[in-house]
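S.K.: As given, the protein sequences belong to chains A and B, one line each in that order.
For the record, in the first sequence the residue sitting at position 362 is 362 according to our numbering, with numbers rising by one throughout.
For the record, in the second sequence the residue sitting at position 21 is 21 according to our numbering, with numbers rising by one throughout.
Honestly, I wouldn't trust all of these hints.
In silico SDA-like cross-links for lysine to any residue, where the CA-CA straight-line distance does not exceed 25 Å [said to hold, decoys possible]:
id: 1; chain 1: A; residue 1: LYS217; chain 2: B; residue 2: ASP39
id: 2; chain 1: B; residue 1: LYS2; chain 2: A; residue 2: ASP218
id: 3; chain 1: A; residue 1: LYS334; chain 2: B; residue 2: GLY14
Some, not all, of what chain A presents toward chain B, calculated at C-beta under 10 Å [claimed, not checked]:
id: 4; residue: GLN50
id: 5; residue: ASP54
id: 6; residue: HIS91
id: 7; residue: ARG96
id: 8; residue: ASN99
id: 9; residue: PHE102
id: 10; residue: SER103
id: 11; residue: ILE343
id: 12; residue: CYS346
id: 13; residue: HIS349
Some chain A residues judged to face chain B by a derived CB distance under 10 Å, without partners named [stated by the list, open to error]:
id: 14; residue: HIS92
id: 15; residue: PRO104
id: 16; residue: ARG105
id: 17; residue: HIS106
id: 18; residue: PHE350
Hints were generated in silico from the structure; no laboratory data involved.
No residue lacks a Cβ here, since even glycine has one placed at the ideal position from N, Cα and C.
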Amino acid sequence: MSSVAEAPYFNISDPKFAMHSEEVRNAREQSWYARTNYGIAVLRYNQVSQLLKDQRLSQGSGQWPAHNGVHSGLFYDWWTTCLLVLEGEDHHRIRRLVNPAFSPRHIEPLIPRFEALAEELVEAYASSGRCEFVADFAEPYATRVLCILLGIPESEWPTIARLASTIGLALGITITEELPTIEEALGELYEYAEALIRDRQQNPKDDFITRLVEANKDGDALSDAELRNALVLMIFGGMDTTRNQLGLGMQSFLHNPAQWALLGEKPELGRAATEEVMRTNPTTTWVTREAAVTFEYEGLTIEKGTTVHLFTQTSGTDPMAFPDPEMDIEGEHKPHYGFGGGIHHCLGHFVARADMSVAYPILARRMKDIRLGGVDEWLPDSGNTGPVRLPLTFTPAP
Amino acid sequence: MKIHVDRTLCDNHGQCTITAPSVFRIDDQGILQYEENVDDSLRADIEDSMDVCPVQAIFIVTED
Ligand code: HEM
Ligand code: SF4
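Using the sequences and the hints, build the whole thing.
M.R.: Written out as structure tokens, the structure is:
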């Protein structure tokens with residue numbers, strides 16, 4: 001590759017743009033990056049791994065509302081002060097205070113509840129030999145896991161799911177039209193979060209919210225508003241991602257029936273299955289960064305302000321890093337970047353890893369020989385993907 | 001107190017540098033550097049770093 005003009009080009013906003021395509025594979029073979037209609041896309045494993053952690057790139061999502069003409073209001077204030085878009089010491093301070101509540105030590109005791117939940121949801125439809133996977137499993141599972149974590153009554157999951165999805169509209173191009181609805185939902189979620197905080201301040205328990213309420217590092221603590229904003233970010237960042245990732249996993253296993261059968265027999269492969277699904281079929285198709293300074297990287301001048309998309313699926317299946325890139329739940333593989341990486345590495349990954357590692361083997365045991373059972377419907381491959389509808393048929397098993 | 005980072009696991013995310021900046025840092029090459037001998041007063045910070053490391057690569061070496 002000698003000049004930028006020769007680098008491959010993708011229109012990543014085109015709804016037909018596909019990560020799993022010949023076009024993208026060829027581009028990755030030809031060049032470590034591609035030009036796009038909105039900045040550059042990094043395609044290979046080594047470069048994604050390095051740039052994800054490179055301090056010369058900053059979080060690219062902070063300007064999203066402003067780029068779409070939203071400069072003030074409830075949503076703007078929440079977004080521009082939430083952990084995801086904060087940088088430097090402002091980011092680190094919040095992260096230091098919330099990290100300990102996400103320690104694997106505190107997440108592990110929740111695993112039996114995740115198991116019981118997965119069993120309950122499958123049991124409800126298993127005997128019929130068919131389901132609509134998103135509505136029957138992925139959505140209630142993802143939402144109720146968050147309810148369990150946050151101590152919200154599980155029966156309220158449909159409300160939480162609706163509010164989180166409404167706020168999710170803020171990431172779409174219709175943000176301006178939807179703003180009043182988005183802000184109403186955000187206001188409602190604030191009330192949930194504030195009630196939880198007040199309750200644990202008055203009645204501390206041995207639970208996740210109490211740990212956050214009591215979090216204190218060298219005399220510094222989260223204000224009520226900071227904690228409320230963080231809780232809403234957890235719901236926002238933890239629900240659609242988990243729902244979509246579970247559905248993508250089913251898609252992967254539809255294409256790999258032998259791996260599904262194996263998982264049904266060996267539940268201890270649940271964690272490996274989760275990692276392999278996320279390496280080869282991640283919901284977060286790219287992580288967005290922005291050049292904070294102009295710098296040279298591998299012969300390319302990246303100008304300050306350039307948007308840099310770090311592609312997760314192409315890096316996770318890059319033959320230069322994975323000589324045999326096909327999904328293999330019994331193989332040894334390098335780490336994937338489906339949870340991002342560096343300073344903004346997903347805060348909730350121990351939770352997500354635990355809940356998916358529990359769910360897949362239970363599904364594989366109860367739902368043998370899965371097949372597509374109707375018309376499926378998908379989100380585009382831009383940014384965050386997954387099934388909207390995924391009808392499945394299967395042979396029920398105990 | 002002596003600490004050890006398993007380099008075969010560490011992926012240089014730098015989450016440990018947020019928790020215990022006086023012990024861990026990411027160098028100009030993007031590689032983790034750290035102090036092996038750490039004052040016992042930093043134990044709580046080290047334990048937070050161990051917890052937060054996404055690949056669980058940090059260990060306190062117990063001498064016997
Ligand atoms: C399969 C499920 C999940 C996936 C695929 C996922 C993916 C990601 C990714 C890629 C990032 C990095 C974003 C960036 O650097 O721009 C991230 C950050 C984050 N995630 Fe997750 N996530 C999942 C589940 C969760 C859960 C369950 C929670 C909370 C309970 C959560 C909370 C967060 C938060 C708060 C951040 C921002 C961290 C920071 O900026 O320091 N995520 N997630
Ligand atoms: S947090 Fe873990 S992976 Fe990241 S630099 Fe520290 S030891 Fe390495």
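S.K.: Decide, hint by hint, whether the structure agrees.
M.R.: Hints versus structure:
1. A/LYS217 <-> B/ASP39: Holds: A/LYS217 and B/ASP39 sit about 18 Å apart, inside 25 Å.
2. B/LYS2 <-> A/ASP218: Given that 25 Å is the threshold and the Cα spacing comes to 23 Å, the pair holds.
3. A/LYS334 <-> B/GLY14: The hint holds at about 18 Å.
4. GLN50: holds (6 Å)
5. ASP54: holds (7 Å)
6. HIS91: Hint on A/HIS91: holds, closest Cβ of chain B at ~8 Å, below 10 Å.
7. ARG96: holds (6 Å)
8. ASN99: holds (5 Å)
9. PHE102: holds (8 Å)
10. SER103: holds (4 Å)
11. ILE343: holds (6 Å)
12. CYS346: Since chain B brings a Cβ to about 8 Å from A/CYS346, closer than 10 Å, the hint holds.
13. HIS349: holds (6 Å)
14. HIS92: holds (5 Å)
15. PRO104: A/PRO104 check passes; min Cβ-Cβ to chain B is 7 Å, inside 10 Å.
16. ARG105: holds (7 Å)
17. HIS106: holds (9 Å)
18. PHE350: holds (8 Å)
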